[in-house]
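Residue strings, one per chain:
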Amino acid sequence: MSLDDVLDIISALLVLVGAFLTLAAGVGLVRFPDALARLHAATKPQVLGLIAIVIAVAIEARSWQVLLTLIPVLLFQVLLAPIAAQMVGRAAYRTDNYRADLSLVDDLAADVERATSDAERANVDTDRTDRDDRA
Amino acid sequence: MSDGNGNGNGTVAVGSAVDAGDLHPSVPSDRRTYWEQAPLFVVLVILWMLLWGNISWLNLATGAVLAVVVMRFFYLPPIQLSGRTNPLWFVAFLGQFLFELTIASFQVAAQALLGRRDVKNSIIAVQLRTRSDIVLTLTAIAMSLMPGSYALDVDRRRSIIYFHALNTRDADGVQAVRDAALKTERMLVRAFGSSADLRSIR
Amino acid sequence: MTVTLGVLYITIGVLFTGGALAALYRIVVGPSLLDRLIASDVLLTTLILVVGAEMVYNGHERSIPMMLVLAATAVLSTIAVARYASGQGTRTKEGS
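Protein chains in written order, with the working numbering: chain X, 1 to 135; chain C, 1001 to 1202; chain S, 2001 to 2096.
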């Protein structure tokens, strides 16, 4: 078994890890109870899966240059996946797309309530100012 | 250096996406604003060279021109850098981050494949001690990829991040998320917080 | 040797397909716009991973620009729709 074979198997195993995490993310999407929980499945496994695949591509190409070219892909995902999760989660929370009966602690409820009533008292467009104010 | 600023680049984007409220008056007036944007310029040029996959004078020149164009036409409020970086702590943070990301991914995978359907979740407010936008944003991003939590909402004026935590069975689980957030904040402040922040975490 | 790799890649294909189908199921079933948004984001990331996996399987690097473009633009649509969704203020409480 030559070094090439070993490297081939390692990169195939890394792809396997990525594929497994993709499946887990999909199953999480189906099985988790509400949108807020599904966001967990959409962020973490996918980022690690992408890291695994990127390393696999670089190993398969046997090239550092390929790895460097793929670093922006990782950067985009690592930085943007949490941002997307935050935007979607925020929208889901504010449009009541979650199951309150499943929450143990909810520190946000009181704060959103207060900010909303403040805005209504000021008799302005609730949605806009509330969001900008609390951002 | 480049890595630290790589995150700084993202922070600008987050800051503008999350904070629609205008705390920084966005007037690019004096010479100092140009210097404050220098890290962003460097990051844009490095990103350009990474995209092409090689380093040459032509890439450097076109990258510099494009960076200026981008910064002119897609103006973002400058971020306040503390002027202090500690690469060693940043590397330590990156190592910790990769380790936690791996655990987090398989934990979510296990929860998805084997866990019960009706898990108890929590939304937890964590009061951070830092006043810096960068540390606040990076803490939110890092925690979103760490086990059990992602940032759901941010109160920038009071430095509070609201985390959504999966499968918190009791008060201990909630406390664990708080501790993890404060630990992440501490590592990031050591890496590039101001000296005032450094004092406040002790 | 090649047999091992072949079995490995068949498993990989099955896993990817399962993940993509699960995301598709969530897109079809919903129930809310945001659930579909999350699922389509996962589907797009799955696509990026599959493009990468194909490069490993066939041993070339020609699809890297595609991965770059997908990774850079994948999140934009999510963010745009999420902003729109929180602005419309539809209060649809999800049933159990």
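For the record, the hints were derived by calculation from the structure and aren't laboratory data. By construction, the Cβ of each residue, glycine as well, lies at the ideal position given by its N, Cα and C atoms. It cannot be assumed that every hint is accurate.
Stated by the list, open to error - Here's a subset of chain X near chain C, in silico, CB distances under 10 Å, partners left out:
(1) L3
(2) L7
(3) P33
(4) A37
(5) L39
(6) H40
(7) G49
(8) Q65
(9) V66
(10) I71
(11) V78
(12) A85
(13) Q86
(14) V105
Now the hints, each set against the structure:
1. Interface restraint check: X:L3 against chain C, minimum CB-CB distance 25 Å, threshold 10 Å, status violated.
2. Interface restraint check for X:L7: the shortest CB-CB distance to chain C comes to about 21 Å, outside 10 Å, so the restraint is violated.
3. Using the Cβ-Cβ criterion of 10 Å, the hint placing X:P33 at the interface with chain C is satisfied: the shortest such distance is roughly 6 Å.
4. A distance limit of 10 Å between C-beta atoms decides the matter here; for X:A37 the minimum to chain C is near 6 Å, and the interface restraint holds.
5. With a least beta-carbon distance of about 6 Å to chain C, the hint placing X:L39 at the interface is held under the 10 Å criterion.
6. Interface hint at X:H40: satisfied, since its Cβ lies 5 Å from the closest Cβ of chain C, which is below the 10 Å cut-off.
7. A hinted interface residue such as X:G49 counts as satisfied when its beta carbon comes closer than 10 Å to some beta carbon of chain C; here the least separation is about 7 Å, so the hint holds.
8. Look at X:Q65: its Cβ gets to within about 5 Å of chain C, closer than 10 Å, so that hint holds up.
9. For X:V66, the shortest C-beta to C-beta distance to chain C is roughly 8 Å, which falls under 10 Å, so the interface hint holds.
10. At its closest, the beta carbon of X:I71 sits 6 Å from a beta carbon of chain C; the interface hint therefore holds under the 10 Å criterion.
11. Hint status for X:V78 relative to chain C: holds, with the closest Cβ pair at about 7 Å, below 10 Å.
12. The closest approach between the C-beta of X:A85 and any C-beta of chain C is roughly 5 Å, which is under the 10 Å cut-off, so the hint is satisfied.
13. Interface restraint check: X:Q86 against chain C, minimum CB-CB distance 5 Å, threshold 10 Å, status holds.
14. Interface hint at X:V105: satisfied, since its Cβ lies 4 Å from the closest Cβ of chain C, which is below the 10 Å cut-off.
Checked against the numbered hints above, the structure breaks hints 1, 2 and satisfies the rest.
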